[in-house]
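Engineer: If you want the building blocks of each chain, they are given just below.
There are 2 protein chains.
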Amino acid sequence: MLTYDITKAKGSIYEYIYQCIKSDIICAKLATGEKLPSKRTMAKNHGISTITIQNAYDQLICEGYVISVPKKGYYVASLSGMTKMKKETNISYHIDVPKENHAGSIDLSDNRTDTERFPFSVWARMVRNVLSEKTPELMEVSPTGGSMRLREAIAGHLKSFRGLLVDPNQIVVGAGTEYLYGLIIQLLGAEKTYCIENPGYKKLSRIYAGHHISCRYANLDEMGITCSGLEATRANVAHICPNHHFPTGITMPAKRRYEVLSWASAQSGRYIIEDDYDSEFRLNGRPIPTLFSIDESETVIYMNTFAKSLTPTIRISYMVLPVHLANLFYRTLSFYACTVSNFEQFTLAEFINEGYFEKHINRMRLYYIRKREKLMEAIGKSRLHSLCEIIENDSGLHFLLQLHTNQSDHDVQMALEAKGIHVAALSEYYFVQSDKEHYFIMNYSNFKLEEASQVFDEIASVI
Amino acid sequence: MLTYDITKAKGSIYEYIYQCIKSDIICAKLATGEKLPSKRTMAKNHGISTITIQNAYDQLICEGYVISVPKKGYYVASLSGMTKMKKETNISYHIDVPKENHAGSIDLSDNRTDTERFPFSVWARMVRNVLSEKTPELMEVSPTGGSMRLREAIAGHLKSFRGLLVDPNQIVVGAGTEYLYGLIIQLLGAEKTYCIENPGYKKLSRIYAGHHISCRYANLDEMGITCSGLEATRANVAHICPNHHFPTGITMPAKRRYEVLSWASAQSGRYIIEDDYDSEFRLNGRPIPTLFSIDESETVIYMNTFAKSLTPTIRISYMVLPVHLANLFYRTLSFYACTVSNFEQFTLAEFINEGYFEKHINRMRLYYIRKREKLMEAIGKSRLHSLCEIIENDSGLHFLLQLHTNQSDHDVQMALEAKGIHVAALSEYYFVQSDKEHYFIMNYSNFKLEEASQVFDEIASVI
Chain P
1 MLTYDITKAK GSIYEYIYQC IKSDIICAKL ATGEKLPSKR TMAKNHGIST ITIQNAYDQL
61 ICEGYVISVP KKGYYVASLS GMTKMKKETN ISYHIDVPKE NHAGSIDLSD NRTDTERFPF
121 SVWARMVRNV LSEKTPELME VSPTGGSMRL REAIAGHLKS FRGLLVDPNQ IVVGAGTEYL
181 YGLIIQLLGA EKTYCIENPG YKKLSRIYAG HHISCRYANL DEMGITCSGL EATRANVAHI
241 CPNHHFPTGI TMPAKRRYEV LSWASAQSGR YIIEDDYDSE FRLNGRPIPT LFSIDESETV
301 IYMNTFAKSL TPTIRISYMV LPVHLANLFY RTLSFYACTV SNFEQFTLAE FINEGYFEKH
361 INRMRLYYIR KREKLMEAIG KSRLHSLCEI IENDSGLHFL LQLHTNQSDH DVQMALEAKG
421 IHVAALSEYY FVQSDKEHYF IMNYSNFKLE EASQVFDEIA SVI
Chain L
1 MLTYDITKAK GSIYEYIYQC IKSDIICAKL ATGEKLPSKR TMAKNHGIST ITIQNAYDQL
61 ICEGYVISVP KKGYYVASLS GMTKMKKETN ISYHIDVPKE NHAGSIDLSD NRTDTERFPF
121 SVWARMVRNV LSEKTPELME VSPTGGSMRL REAIAGHLKS FRGLLVDPNQ IVVGAGTEYL
181 YGLIIQLLGA EKTYCIENPG YKKLSRIYAG HHISCRYANL DEMGITCSGL EATRANVAHI
241 CPNHHFPTGI TMPAKRRYEV LSWASAQSGR YIIEDDYDSE FRLNGRPIPT LFSIDESETV
301 IYMNTFAKSL TPTIRISYMV LPVHLANLFY RTLSFYACTV SNFEQFTLAE FINEGYFEKH
361 INRMRLYYIR KREKLMEAIG KSRLHSLCEI IENDSGLHFL LQLHTNQSDH DVQMALEAKG
421 IHVAALSEYY FVQSDKEHYF IMNYSNFKLE EASQVFDEIA SVI
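Protein chains in written order, with the working numbering: chain P, 1 to 463; chain L, 1 to 463.
A few of these clues could be false.
As the list makes no split between identical chains, a pair holds if one copy fits it or if it spans any two.
With a cut-off of at most 27 Å between alpha-carbon atoms, the simulated BS3-like pairs for lysine-lysine come out as follows [said to hold, decoys possible]:
1) Lys-255 <-> Lys-374
2) Lys-359 <-> Lys-134
3) Lys-10 <-> Lys-448
4) Lys-134 <-> Lys-448
5) Lys-72 <-> Lys-39
6) Lys-22 <-> Lys-381
Honestly, the hints are just simulated from the structure, not real lab data. Computed from a predicted structure; not experimentally measured.
Make the full structure from the sequences, and use the hints.
Structural biologist: This is the structure we're talking about:
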């Protein structure tokens, strides 16, 4: 007679009985085809209610360990497929989680914006407003391109700040530019060849590789990507940062812009992805007008992110599609749900509409201008002064330092690393071999001013 | 002499001057190579400061419309690439935004959970707690797999609710399961062939097609996907819902589970994606144990989403990777940023840790049980009673209605559509031809009880 010691039950008795029978079936103590006691017998035997046994049997039936044969009773099911699988020898039990890079050291390769300056209390107020307002749309699933409220707010911002006139329906909101690149790849088709800038943003090539997309590189001259380089790659899609190239800082002049646009319109199916990732922080003058705004052939996809302009801990980016691509998007990809939660979309919309976004950008721009001035001063006063050239293009949150040294970039980096200073070399951003030695990237958005003189002296001592 | 009417300036004068000169260059009123007036002359001529002209010229130089020649002056740059691009005739100006489906009608095809029952005020309290606590990690970029706080909370939930013991590092949080499918495709490689269930969730095939992934279908028998079907597709990855298949409601019994696991472990590189999308709402008894929990060969990727269990307006899903895939993920894809904002991750973690998630699930399960009972009652009382069979598998938020009719599914649907009732047929969920006519899916999570008798009478009158 099947008996279990129900005093050992830790949770409900039904669950305990279910677990006991299941274990006995799995380890074959109860054989295939064996008849189980009736519910009543089983209940009586354990001094518990029939309902409890019923529940345990039901669970076993539902999971397929037991079969109920009408008017006959309960039988152990056949588990013939259950060949106890041996653990393979190559199975690992240790998870190798990547360490946060350069923790504890001074990291000049970190190009994330300063999160301490995120307008936390204003943002918190917007969140509370959205929660207390609780409009019906807040609990409605937003369209695939994002909530209309946020897209209208972005369109308004693009108009006033960027001089761009776009229909909110051309805007697609997503959880980060990396996610949007994936959508673009699906939208334009996997047979396209992409071209990125050399040097350029290394993550891009990894994203295209991750998506198994053919990706080539075109060299830059002093005006940015060259059309001859573009032509030579036979690419269909050029992914570029014309307004402030990373890491060289080049701003593409008008002449080259028209050339690139004319490359795109010369053959149907050619597109330009205009990555405008830090246009908000151009330090002097107006932001450079976008390629999108002077494109008359619907070849430019404009992309931007709030990860730079607000904080990387909020994952909201957007792209602006030319009209025919917006239509293609709605026809082919509208089955995707928008990847940003309504709460965040509505909060950001309120933040923009109330004018806080523009205020924040203006405040940050001033802050970065002052920071840069102080850094220049610190270099001027340091021993590095006579050993370097500062190359800056009046924009963005980094500049290049050309060091007068004969050491290799790698040697300079190793020597600095030993002193707890991490710095990226321009040569690392080349996908194909380059002779651009001795240029180092100074990302100062996250750099502490009080460490500046020490860092510049250390650099001087190393070279 | 270059003169502009500065009384027409709407914004700053520097911007007005800059715009005027730029327009004149673009329309060739100022020719390539032409010399611009000196800053002083220009300033005097307009009665404004030299600084203003300087700013306008700087902007033009920066954008490449003007060149500054040291000691000589300012010249109009060559814009040779600028062949005024003609608008192509195939360019569209109208954006065709897809309409929200079946608005205003009774939609039984809508399988989204009832957002009205989202515990809004508790959620709002968690948000406020997170904002007022403002831990330093809240403003730190979370690791690629998600913030540890949320991953630990999910691991705790999986342990208590699902009996799953996993290392939080095996969990990858993302903005929706659709996004996570994309990550899996990148993780396992594009050369894999995927197999989905026939019938099954239609969006899956669109997602795999969107990623240009080879995708096949295997038929189900009464125990779920068949291993012979799986073998025949020569697929490497089986994407299945063993715990509650949509739309048939089949729960895969133990025997088949072991068979499917043994299929996966028979060849290296085979994997199972276990989609556990609505396990929280199994209406009776314990949730069915996962495939992941009985897999000893590291072949199962477990997936779940809070879109079903909380609200579709919050975009948080997660997957649990077997250890060797977690390591592969960190090695190859950790350059991706996590797609969920910290605010939402921390709020959800708090919501789970404070026990509200479990309470919510329990409350919703009870609510759905009662709703289903009332629906069954309504069918019993309606004229439909004698004209249908109810097929339900004790789980999930839908059941199947087999109608006794000779009409085609399409005719039934059209007749109901004319009465403002939208209903999905099981036959629509087949990727390859099927003879499963006359089965209709009753999603009741969003269905209003007070409309039930009317709807069932309408269905009866149509068939």
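Engineer: All hints, please: hold or fail.
Structural biologist: Now for the hints, and whether the structure bears them out:
Taking the closest pair of Cα atoms, Lys-255 and Lys-374 never come within 27 Å of each other, the shortest separation being 34 Å inside a single copy and 71 Å across copies. Taking identical chains as interchangeable, the C-alpha atoms of Lys-359 and Lys-134 lie at most 27 Å apart whether they share a chain (26 Å) or sit on different chains (23 Å). Within a single copy, Lys-10 and Lys-448 get their C-alpha atoms no closer than 56 Å, and across copies no closer than 40 Å, so neither meets the 27 Å cut-off. Taking the shortest Cα distances, Lys-134 and Lys-448 sit within 27 Å of each other only across copies (22 Å), while inside one copy they are farther apart (41 Å).
Taking identical chains as interchangeable, the C-alpha atoms of Lys-72 and Lys-39 lie at most 27 Å apart only when both belong to the same chain, with a minimum of 12 Å there against 104 Å between chains. Taking the closest pair of Cα atoms, Lys-22 and Lys-381 never come within 27 Å of each other, the shortest separation being 77 Å inside a single copy and 40 Å across copies.
Hint compliance for this structure: hints 1, 3 and 6 are not met, and every other hint is.
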